[in-house]
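Q: Start from the sequences, fold in the hints, and give me the full structure.
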Amino acid sequence: MSGGVFTTLFALGVALAAPLLWAALGELIIEQSGVLNIGIEGVMLIGAFGCAYAYVRSGSMVAGIATAMGCGAACGLVLALLYVRLGADQIVTGILFSVIALAGTTVLADRLLGTDVAEKTGQLDIPGLSEIPFFGTVLFSQDPLVYAAIVAVPLVSYLMSGTWFGLYVRAIGARPRAGETAGIGVRALRTWALVIGCVLTAIGGASLVVATSGGFSPNLTAGRGFIALAVVVLARWKPLWAAAAALLFGVAQALQFVADELGFLAHVPSDVLLMLPYLLTVVAVVFAAGSRYPAACGVPYRPGSA
Amino acid sequence: MKDSTGTYAWRLLLAALAVVAVLAIAACGDDNKDSSGDAASTDDTSTAAADETPKKIGLLTTGTQNDKNWGEAFTIGAKAAADASGAKLTVVDNLNEPPQYAQQGASLGQEGYDMVLMALGTIQEVQLKLAKQFPDTLWCGYGIAPDNAPENTCFVDALQEQAAFLGGVAAGLATKTNVIGAVNGFEFPQLTRQPEAYALGARCVNPDVTFVQKYINSWTDAALGKAAAKGLISQKADVLLAPLTTATNGLIAAARESDGVWVMPEYFDSNDTAKEVILTSVLFDLQTLAEDVYTKGLNGDLKPGEMLPYTLAELPDGGVAPFYEDEAVLGADGVAKVDEIKQKIIDGDIKVPSTDEIGTVGTGSKIDPASIGC
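If you're matching them up, the sequences are chains A and B in order.
Okay, so the first sequence: first residue is 1 according to the numbering used here, each after it adds one.
Okay, so the second sequence: first residue is 1 according to the numbering used here, each after it adds one.
These aren't lab readings, by the way, just hints derived from the structure by calculation.
A hint or two may mislead.
[What the hints assert, rightly or not] Below, simulated BS3-like cross-link-like pairs (lysine-lysine); rule was C-alpha separation at most 25 Å, straight line:
hint, chain 1, residue 1, chain 2, residue 2
1, B, K176, B, K337
2, A, K120, B, K275
3, B, K129, B, K344
4, A, K120, B, K236
5, B, K344, B, K366
6, B, K303, B, K56
[Claimed, not checked] Derived list of chain B stretches under chain A, where covered just means 3 residues or more per stretch with a C-beta under 8 Å from a C-beta of chain A:
hint, stretch
7, 217 to 227
8, 242 to 255
Computed from a prediction, not measured in an experiment: that's the story for all the values here.
The beta carbon of each residue, even a glycine, is placed where N, CA and C say it ideally should be.
A: Rendered as structure tokens:
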């Protein structure tokens with residue numbers, strides 16, 4: 001019986017971790033380029049709305065995900081205009097972007113989508129593999145975007161560590177002036193980082209939609225973007241660690257749903273279990289005291305400035 | 001110099017775009033609000049005496065005006081009352097936190113609204129403060145009247161435990177595993193009475209039933225709703241009550257991914273949303289409740305601080321929605337049993353415990369069904 005409980009716990013944990021992981025992967029690319037995107041929650045929301053609208057109206061999950069990616073790219077360009085081109089304060093702008101995204105998606109969902117949901121959910125059992133005890137349920141009986149998130153981890157890791165793009169991005173995130181002297185277009189590269197990062201973040205929003213029958217509701221992301229910020233810090237900007245940190249948050253969140261079946265947790269007040277993921281967020285922030293953000297992260301860069 | 005001029009131009013352009021975007025969103029929102037209010041006021045003006053100013057009524061609610069849920073149910077009732085009386089109606093929806101109700105309520109109070117209904121069970125403190133602050137407005141709230149309620153207040157309560165009890169009867173007859181569950185929003189008596197009455201209703205017709213439940217501290221987080229539902233399904237629960245708003249989508253997703261699991265949404269007949277997994281919906285007929293309280297308030301038929309409890313007998317569409325193509329799950333005898341028990345509740349032969357008795361976690365599994373007339 002307890003084997004079943006742990007299977008459920010980790011299966012739920014992986015599902016809850018996927019949106020966080022997508023958002024964290026996107027954010028770590030952006031932050032390593034020297035931009036602190038507090039608007040991550042807004043990007044997730046816009047991605048989720050775009051996905052829900054296309055998914056529900058077309059009935060195609062692929063169309064939904066593609067729309068979310070398009071929304072993410074558009075968000076990246078808008079944020080690049082604000083953060084990179086205009087040098088706006090990244091914290092204030094990011095917060096306002098999230099607030100506007102919340103209001104905008106709420107109104108648009110009310111007018112364009114209502115309570116409509118898609119006719120199918122996204123769960124995709126991998127034939128054969130999903131039958132494997134424990135791992136089959138935990139890893140191979142999930143939504144396509146959960147599988148894709150797992151695949152995205154090594155890809156992003158390679159992008160940031162094994163390509164010129166990653167090397168240059170990390171260089172301008174640490175010393176933009178030196179990068180410019182070496183001939184790197186800081187603004188252009190930060191724009192690309194924002195576009196790619198926001199596409200991944202928007203897929204995180206889409207994964208919430210795909211997993212829950214394709215509908216949208218106001219504030220669907222419920223603060224997951226902000227938790228992803230903590231995941232990035234906890235992971236110290238490493239994709240593999242981001243996967244582990246996201247899983248930690250996911251399992252912590254799932255714990256409340258199986259606590260009754262775990263003898264040692266059965267009598268812990270449910271409020272404490274509800275609080276656990278957020279407690280972990282605080283712990284992550286404490287950890288951040290020892291983490292080193294990319295040196296130029298959050299500092300607007302003006303070409304030619306010292 | 002050239003660069004700073006370029007940046008300035010960009011900023012101007014951006015500011016202009018931002019203003020256009022905000023105006024567009026605002027226009028959408030205003031249009032939305034007007035659709036419920038101004039249409040009614042226009043109709044009224046034509047029927048009211050020329051020198052008579054139409055009365056102004058407000059609805060502050062959680063959920064939205066087209067959420068096929070709590071918010072839409074109250075909006076429909078408010079519109080019906082406004083249409084019938086010629087009053088001007090303003091609906092402010094999607095309010096979830098007490099400060100939002102305080103802010104929007106104060107705005108309506110300042111504008112001299114005659115009556116405001118605040119449709120959320122956890123904001124009575126705000127209601128009482130607004131009643132003191134704006135004594136010329138009648139402030140009605142969803143909940144039980146406190147002692148010494150101000151004169152310009154009223155309190156409404158659909159006895160939700162009765163309809164939820166009927167939902168439990170249907171679940172008790174439909175379950176194949178003898179385990180039923182509920183994924184709940186927040187733990188407070190007016191919510192807690194629903195899953196507890198649901199458990200008691202199931203035990204009324206099926207003594208072998210066990211009940212499992214989770215609170216997710218959200219009405220709208222579908223991902224958490226799905227995770228909670230999957231947790232309950234792993235405990236063999238096969239009929240899930242959903243005292244939630246849009247988080248119900250998560251339960252629907254979980255049911256779609258499992259075999260033989262049914263969902264029972266609340267507030268609105270949601271069969272069309274996902275016919276293949278929705279057994280029926282638990283209905284409180286909040287439309288009739290809202291229409292009735294507005295009508296009484298506008299006609300001056302309310303006593304100061306009056307408490308209006310609405311039972312199944314007073315809410316004709318309360319109970320459970322039709323089973324549609326899922327009637328076979330209960331069978332003809334099962335459907336007849338649900339109808340029979342509804343009639344017994346209306347007649348008083350079955351006395352569903354009150355909120356005081358069943359408003360705490362665990363009570364639905366402890367009360368002896370025989371003691372209430374089962």
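Q: Work down the list of hints and note, for each, if the structure agrees.
A: A quick look at each hint next to the structure:
1. Between the alpha carbons of K176/B and K337/B the distance comes to roughly 17 Å, so the proposed pair stays at or under 25 Å and holds.
2. Between K120/A and K275/B the alpha-carbon distance is near 12 Å, which keeps this suggested pair within the 25 Å criterion.
3. About 40 Å separates the Cα atoms of K129/B and K344/B, which puts this hinted pair outside 25 Å; it is violated.
4. For the hint pairing K120/A with K236/B, the CA-to-CA distance comes to about 22 Å; that is within 25 Å, so the pair holds.
5. The straight-line distance between the Cα atoms of K344/B and K366/B is roughly 21 Å, inside the 25 Å bound, and the hint therefore holds.
6. With a CA separation close to 20 Å, the supplied pair K303/B and K56/B stays within the 25 Å bound.
7. Counting residues of the stretch 217 to 227 of chain B whose beta-carbon sits less than 8 Å from any beta-carbon of chain A gives 10, enough to reach three: the coverage restraint holds.
8. Counting residues of the stretch 242 to 255 of chain B whose CB falls under 8 Å from any CB of chain A gives 7; the rule of at least 3 is met.
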